[in-house]
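Enquirer: Residues per chain are reported as follows:
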Amino acid sequence: MSLEKFFQWCYQSPVLGILRDSSYAMPIIQSIHLLGLTILLGTTVMLNLRLLGIGMRQLPLSDVAQQLWPWAFGALLLMISSGILVFIPDPVRYVNSGPFQLKMALLALAILYHFTIFRRVTRKKLSPRSPLVNAIVAFFSLTLWFSVGWAARAIAFFK
Amino acid sequence: MLFPLIEGSHILALSISVGLIVILDLRFLGLAFPGEPVSRVMKQVMPWSLLGFAVMLITGLLLFMTQAEKAYGNTFFRIKLLLLLLAGLNALYYQLRFYPKMREWDIALRTPVGVRVCAVLSLVLWVGVIACGRTMAYEI
Chain A
1 MSLEKFFQWC
11 YQSPVLGILR
21 DSSYAMPIIQ
31 SIHLLGLTIL
41 LGTTVMLNLR
51 LLGIGMRQLP
61 LSDVAQQLWP
71 WAFGALLLMI
81 SSGILVFIPD
91 PVRYVNSGPF
101 QLKMALLALA
111 ILYHFTIFRR
121 VTRKKLSPRS
131 PLVNAIVAFF
141 SLTLWFSVGW
151 AARAIAFFK
Chain B
1 MLFPLIEGSH
11 ILALSISVGL
21 IVILDLRFLG
31 LAFPGEPVSR
41 VMKQVMPWSL
51 LGFAVMLITG
61 LLLFMTQAEK
71 AYGNTFFRIK
81 LLLLLLAGLN
91 ALYYQLRFYP
101 KMREWDIALR
111 TPVGVRVCAV
121 LSLVLWVGVI
131 ACGRTMAYEI
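Protein chains in written order, with the numbering used here: chain A, 1 to 159; chain B, 1 to 140.
The set of hints was computed from the structure by calculation and includes no laboratory data. It is possible that some hints are incorrect.
[Said to hold, decoys possible] Within a straight-line C-alpha distance of at most 25 Å, the following computed DMTMM-like cross-link-like pairs (lysine to aspartate or glutamate) qualify:
1. A:124 / A:63
2. A:124 / B:7
3. B:70 / A:21
4. B:43 / A:63
5. B:43 / B:104
6. A:159 / B:7
7. A:159 / A:90
8. A:125 / B:36
[What the hints assert, rightly or not] One side only, chain A facing chain B, incomplete, derived with CB under 8 Å:
9. 46
10. 67
11. 149
12. 157
Please read all numbers here as calculations on a predicted model, not as lab measurements. Beta carbons: idealized from backbone N, C-alpha and C, even for Gly.
Produce the entire structure from the sequences given, and follow the hints as far as they go.
Expert: Shown next as structure tokens:
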């Protein structure tokens, strides 16, 4: 089955149609999505404040990272699953949206960055890196995650 | 162009303001930073949370002014304001009733029952505020 046919099938599926057309389903799914964003960005901001040395300074960086990770990861899973539920009832609308394409590209980059560079720097127990390196790492983390949010918001306003 | 910018700022400031409050509530409940004194987590988290709240409040007022009549008549907007008021009262109650005696249970993993009730209420109320805010955008 080609992707196009799959999207068409999604659009015509009665179950997904209910999600799309019911007046309560989307607001609920979107609220869950937004709740996930609140926790994911909140924990990301906090960890980056620690990385920058402006918050949580009494705690070792790796401890802050470890404490926040289950919540950040849970929030990311919540966002992805609720995001899929927003996407599949009306896939063509999103696939053709410029901001949506940008959002997906930025999201992939943000996740890749997190599991490679960011995780390695924040989980390191001994010999912390220089403040400059930490600041650069934090800058990219914050920029990437917040760009995902901005691109997401643009879906509602731009083609 | 301006409206999307203000609305985007409103939502992203939310993640800072409420996201950090969630972390503090989780500490009250012993679900995050269990080894850390509550007062220390609070001291680290609150300035940023309040900064986020200020941005949220200003952008929120601007958003309201662009569509005051429509928003005012919206049921979800009214529920949202009510829940915000309750969240404020809940925080005030904590501040008056438990904050002065914080030293007594600062390092406890299990904080007093009243404190945990406040934390759960805070989480529930903020989830409600977020859900009502998001739902306002739909014509129900």
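Enquirer: None of the hints should be skipped; say for each whether it holds.
Expert: To see whether the hints hold, each was checked on the structure:
1. A:124 / A:63: holds (10 Å)
2. A:124 / B:7: Outside the cut-off at roughly 37 Å; violated.
3. B:70 / A:21: It holds: about 23 Å lies between the C-alpha atoms, which stays within 25 Å.
4. B:43 / A:63: holds (18 Å)
5. B:43 / B:104: holds (17 Å)
6. A:159 / B:7: Holds, at roughly 17 Å.
7. A:159 / A:90: Cα-Cα ~15 Å, so holds.
8. A:125 / B:36: Distance of about 18 Å is within 25 Å: holds.
9. 46: holds (6 Å)
10. 67: With Cβ-Cβ at 5 Å, under 8 Å, it holds.
11. 149: Cβ of residue 149 of chain A sits 5 Å from chain B, so the hint holds.
12. 157: Hint on residue 157 of chain A: holds, closest Cβ of chain B at ~4 Å, below 8 Å.
Violated hint: 2 only; the structure is consistent with all others.
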